[in-house]
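Residue numbers (the numbering used here), protein chains in the order written: chain A, 1 to 194; chain B, 1 to 194; chain C, 1 to 194; chain D, 1 to 194.
Take the hints with a grain of salt, since some may be wrong.
Intra- or inter-copy, both count: the list cannot distinguish identical chains.
[Stated by the list, open to error] Okay, derived cross-link-like pairs now, PhoX-like style, lysine-lysine, Cα gap no bigger than 25 Å in a straight line: (1) Lys64 x Lys38; (2) Lys70 x Lys24; (3) Lys38 x Lys70; (4) Lys24 x Lys38.
For the record, the hints were derived by calculation from the structure and aren't laboratory data. In this text the structure is predicted, and so the values were computed from the model without any measurement.
There are 4 protein chains.
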Amino acid sequence: TNKYAAKGYSSNRIFAPYSVYKGKAAFSLSPILPTFTKLDSGAVVVDRRGSMMMVFMHAIGERKYDWENKQRFALSATEIGSLISMGPQDSCEFFHDPSMLSSNAGQVRKSLSIKPHANSNGYFISLNVVNNLLNTKDFLSVPVTTAEFAVMKTACSFALPHIMGWDHMTHQSGGTVGLKSKVEQPALDLEWDK
Amino acid sequence: TNKYAAKGYSSNRIFAPYSVYKGKAAFSLSPILPTFTKLDSGAVVVDRRGSMMMVFMHAIGERKYDWENKQRFALSATEIGSLISMGPQDSCEFFHDPSMLSSNAGQVRKSLSIKPHANSNGYFISLNVVNNLLNTKDFLSVPVTTAEFAVMKTACSFALPHIMGWDHMTHQSGGTVGLKSKVEQPALDLEWDK
Amino acid sequence: TNKYAAKGYSSNRIFAPYSVYKGKAAFSLSPILPTFTKLDSGAVVVDRRGSMMMVFMHAIGERKYDWENKQRFALSATEIGSLISMGPQDSCEFFHDPSMLSSNAGQVRKSLSIKPHANSNGYFISLNVVNNLLNTKDFLSVPVTTAEFAVMKTACSFALPHIMGWDHMTHQSGGTVGLKSKVEQPALDLEWDK
Amino acid sequence: TNKYAAKGYSSNRIFAPYSVYKGKAAFSLSPILPTFTKLDSGAVVVDRRGSMMMVFMHAIGERKYDWENKQRFALSATEIGSLISMGPQDSCEFFHDPSMLSSNAGQVRKSLSIKPHANSNGYFISLNVVNNLLNTKDFLSVPVTTAEFAVMKTACSFALPHIMGWDHMTHQSGGTVGLKSKVEQPALDLEWDK
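Input sequences plus hints: build the corresponding full structure.
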């Protein structure tokens, strides 16, 4: 099998994160597209899943943030599903172990929580990182308004099919009408074939 | 008339299903695009309708699933409409007969049901297949969380216009501005013509 | 000024209406894209607005419909706004006069109504046409289920920005990254210029 | 660094505003895309943020509006987030100072308010401009129906990811499948690297 990345992904990457800067900390949100692998059969399958990357920074002065010590948390498709289906009173929490499948499993624990403000007028988005390898703890919390959360929901809903790779399934015929001859036999096993 | 498939549909197909793996069974969800036929008049019409294909498998061990014995169920546009309009307490059920228009009509009966958990916190998605030709019965049920169902709803809402072929109607001028001279007479009968 | 149509609009048009066939009548729904005019300044403006075309037919037998005597009703962007914001108990009605600006104004009156079923489980979509020129009256009514109406809402929400021509405003740089040098002076009067 | 505008942005711009004309005033709504800067590293970042431009005009006769004396108000991504998350009883207000970072800061104050009608059946959208430099005041108010506001919400939800520049992040591989060889080392620091 050969590995592939979407064109322009590495060298010409466009950065347009949605950032929320507040008094004690900030975070930015940006989609990471999936990568694909072409099998010998010619079929193309998802190699590395896409995600919604959240990057948190502490404030270190007025409108200054500590870019050197970022903490990352990559939301999966299903975690994005939790976020976009939250009502104004709902809360949710996700747990990640970056070393999950290695010998260091359990040594670093990250949790992201989204909790409503007492007045139902926005949320606290907080990241907690416990690193037993470095013997460090880190906690970052950013209050978001209802309007900022609406932007996050709309942008995540827009990005979700792209993160899942479904834009490639559905737009593969390009911007043009793009039709070509179909072979005589149906190319797909449909439900009716069984 | 000539038959056409969307470019890349058969030979370069991309697989990026959304899969939900649970203890007793799993399913995956992926959109199937419509195919088109070009009439002698030059007009292009939908030949085979698109659908949302659900593929169910039984668990046959820890994190192992029986890929040899899949059951398929293809949701139509209107059935997708049912799914995406479900509230947390709603349920729905669809009935298919894969041999509907053949001499075997009524011999195989499939039904897909989506029923809310007792606590309104997610759904059971279950497929029932009764095959009188092979004298078999099969039942597969997968519990999905609210977050997983939100991914399904968002992905199905995104895919629905593509399954209906409306992305071709609306994006036919391509990614570029793509304008060309219009003939003097209006090309379409509008409401006002009558 | 020169007139333009979107590429492929007239000669290679793709037909993929969403159709609802019921016992007494049927209708189909399909988006009509706007056309554009290029001004001498080089700016491109909307020439003819887009719409959502509804075509109604009477049933004239089992699964047969009277294609010869169709009635059309073209929903404007704002009427689509009414449709997609309807709750399960809401109703709405639109009035059109196809000869509005001619000497025949008032001679043909069309009204489309969407009214909820008594049990809140779907709607009746009805077209009434009174033609004083031909001395005819016509009435067609199609019951739609909640699922069918969900398809209509989702498809109309998808199509609305295309009908408004906003897909051209936002996708004009094409599928590629598509950047070119910017002139020194800002090309647009922004809010801050005033 | 080099500055870039999206292709066609300045010379071939397409105008397709959504306009609401009422008895005393009118406004139009149209998206302004972000511009990008290419850094020496090859990365492309947002240079000027996108917005949703509202342009208000007074009525100066029957169906005539004062195009000479427009007032502009550019909604940011977060302000669009407020608009699209408004319920039927909600109101919101935004304050802008076009000279914010100049020596004239505070001399011109603009505020846009969206307030529900007494009967919850639509909103008043009003712009207030106090210009201490010119010693002028201006107030424009346009009533919008529920249907018109639904169009605004749907169009703004569609435009928001484009205004944020996320369409470039997710569609950068073009309309075609567009795959190229991936270098051996991962091109991105993912959450797991930390």
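Hints, verified against the model:
| no. | hint | result |
| --- | --- | --- |
| 1 | Lys64 x Lys38 | between (44 Å within a copy, 24 Å between copies) |
| 2 | Lys70 x Lys24 | within (14 Å within a copy, 40 Å between copies) |
| 3 | Lys38 x Lys70 | between (34 Å within a copy, 24 Å between copies) |
| 4 | Lys24 x Lys38 | neither (45 Å within a copy, 31 Å between copies) |
The structure fails to meet hint 4 from the earlier list, while all remaining hints are met.
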